[in-house]
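**Q** Use the sequences and the hints to build the structure in full.
Protein chains: 2
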Amino acid sequence: MSAPERLSGVFSPVVTPFKADLGPDAARLVRQCRWLLSQNCGLAVFGTNSEANSLSVEEKIDLLDALVDGGVEPRRMMPGTGTCAIPDTVRLTAHAVKRGCAGVLMLPPFYYKGVSDEGLFRAFSEVIERVGDTRLRIYLYHIPPVAQVPITLDLIERLLAAYPGTVVGVKDSSGDWSNTEAMLKRFPGFTVFAGSESFLLRNMRGGGAGCISATANINPAAIHKLYTSWQSPQAEDLQAGLDDIRGVMQKFPMIPALKAAVAHYGDDPAWTRVRPPLVELSEAQRKELIAALDQRGFRMPGLAEVAAAI
Amino acid sequence: MSAPERLSGVFSPVVTPFKADLGPDAARLVRQCRWLLSQNCGLAVFGTNSEANSLSVEEKIDLLDALVDGGVEPRRMMPGTGTCAIPDTVRLTAHAVKRGCAGVLMLPPFYYKGVSDEGLFRAFSEVIERVGDTRLRIYLYHIPPVAQVPITLDLIERLLAAYPGTVVGVKDSSGDWSNTEAMLKRFPGFTVFAGSESFLLRNMRGGGAGCISATANINPAAIHKLYTSWQSPQAEDLQAGLDDIRGVMQKFPMIPALKAAVAHYGDDPAWTRVRPPLVELSEAQRKELIAALDQRGFRMPGLAEVAAAI
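Residue numbers (this note's numbering), protein chains in the order written: chain A, 9 to 318; chain B, 9 to 318.
The reader is advised that the hints may include incorrect statements.
Identical copies go unnamed one by one, so any copy, or any two together, can satisfy a pair.
Keeping only pairs whose Cα atoms sit at most 20 Å apart, straight-line, the calculated EDC-like set for lysine to aspartate or glutamate is [unchecked claim]: (1) Lys295 - Asp276; (2) Lys121 - Glu288; (3) Lys121 - Asp162; (4) Lys27 - Glu137; (5) Lys27 - Glu134; (6) Lys106 - Asp73.
Rather than coming from a laboratory, the hints here were simulated on the basis of the structure.
**A** Rendered as structure tokens:
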């Protein structure tokens, strides 16, 4: 296999469907990924919004195998592989490389708080050395509101110096545009994804690579449209349209709300299930969400057809 | 096997030794646990201070097997078994029960933040139902400074009502005495461990069961002395002595400092290793730590003999 190209564009941290016994539903995930690809959306499976940290390493390996074996293109995949424990991160990352994934999105180990950049550098180094594969491409995952362990600019600088061909990019889910901007300015050639489409236009104007966003699960085509036409006169209007839909979603717990929308617009109620500690939307919340989206003429074109093709 | 008794006394979240390749060193852990038992200290293996969240489930299962197969008494063990993912927590918890552990110390799933008590109740319920063993005894692990996901009083009340014979106690590592006090008052018969020996005297006076504390790794006999003589006239002095040693330790990153002390007083330098993202003490820190402990006449009696018996 040749070395993977740098990824760019719009990626979805694909929501993970569960069966009635809360086991992962591989067939539904394959279909959902096919639909996302049909909308020009790449696959950041096993992200925060995928409930990936509620899955065991074995479950993630089995799902990845089901996707690739099911014909989903691994060159459009950037699975999340970072866990608290180096052996788990190594195992999942090595498997993703072996299956041909174009890159991995890597959380820092996130249980211990207040750890040093030196400690995080050692953790990433240990993973890279143990995976030991020149095809490995790491996109660092900076999401301090959830992980509580940040990936600082100084840490990035050190990793880039030590592993220039391996550490190639970042997803910045800090929600702080000034941080994304600092990454773009300080590291030319580094692949910077905004962690939300709210920053997509600014990120593209600053030389960024696109976005990896929760709401790309439900609104991928519109987000991709801004990605391809950010230099057009309509760009600001497109951004405003994206912000409007995101604003609706943000009134609810994000993951259950994404799943409620997929269930409704895909006409497939099984999608509402979440794994504890998350809780599905209440019936009242669900109605409020759908009414607000309907009012905006929101649709997920083609999704119901994909779901019907079970 | 008969149902396990309620645990009480002083417990150590036993530090985990690593080999040069950062793999767990089972033989050293067995010896350390024997020494701790000789000091009347119970074994809360796989706690926060054990770097348990830097270990895979497989590594923890192998270590637990090595301990029990090595003759370490499981009725004196309360392994930490809570992880982010229900299947992992179930697997490790079921194994601990099978090997005869008197209880397990269970973190809530800790990746997703801001989750509801309803979601956490469902997570604990799912684990209890899946383990499905009447011998299971859960001690809830409340450590908001690290896990960032709290175990509220309302959640405890709900779990006690639903699983009165299974959910039997808590370790309160909030560092907030008023929270521990509220647990003692609101739940008579609930087994409340203070998360630090700093609160041991207050906890015993309030009807608590003892403490599970980082520094029990190095100062177990003195902590146990206060546990057995908290009603004596010397109790306040004993508490002050414990606070003095803990004060020294808290000037340094706790886990590397514990390991540095074990390495020094046990004359076994291999103990200094930590897994990333943690970093061992610098030479200057180590000297400062040992000087401060030596100045107080600190010793770890019998530890070097245990280490020499490799």
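**Q** Hints first: check each against the structure and report whether it holds.
**A** Now the hints, each set against the structure:
In this assembly of identical chains, Lys295 and Asp276 lie within 20 Å of each other by CA distance solely inside one copy; the values are 16 Å within and 64 Å between copies. In this homomeric assembly, Lys121 and Glu288 come within 20 Å of each other (Cα to Cα) only across copies, at 16 Å, whereas the closest approach inside a single copy is 29 Å. Taking the closest pair of Cα atoms, Lys121 and Asp162 come within 20 Å of each other only inside a single copy of the chain (18 Å); across copies the shortest separation is 26 Å, beyond that limit. In this assembly of identical chains, Lys27 and Glu137 lie within 20 Å of each other by CA distance solely across copies; the values are 17 Å between and 37 Å within a copy.
In this assembly of identical chains, Lys27 and Glu134 lie within 20 Å of each other by CA distance solely across copies; the values are 15 Å between and 36 Å within a copy. Proximity of Lys106 and Asp73 under a CA criterion of 20 Å is satisfied intra-copy only: 10 Å inside one chain copy versus 32 Å between copies.
Hint check: no violations occur; every hint is consistent with the structure.
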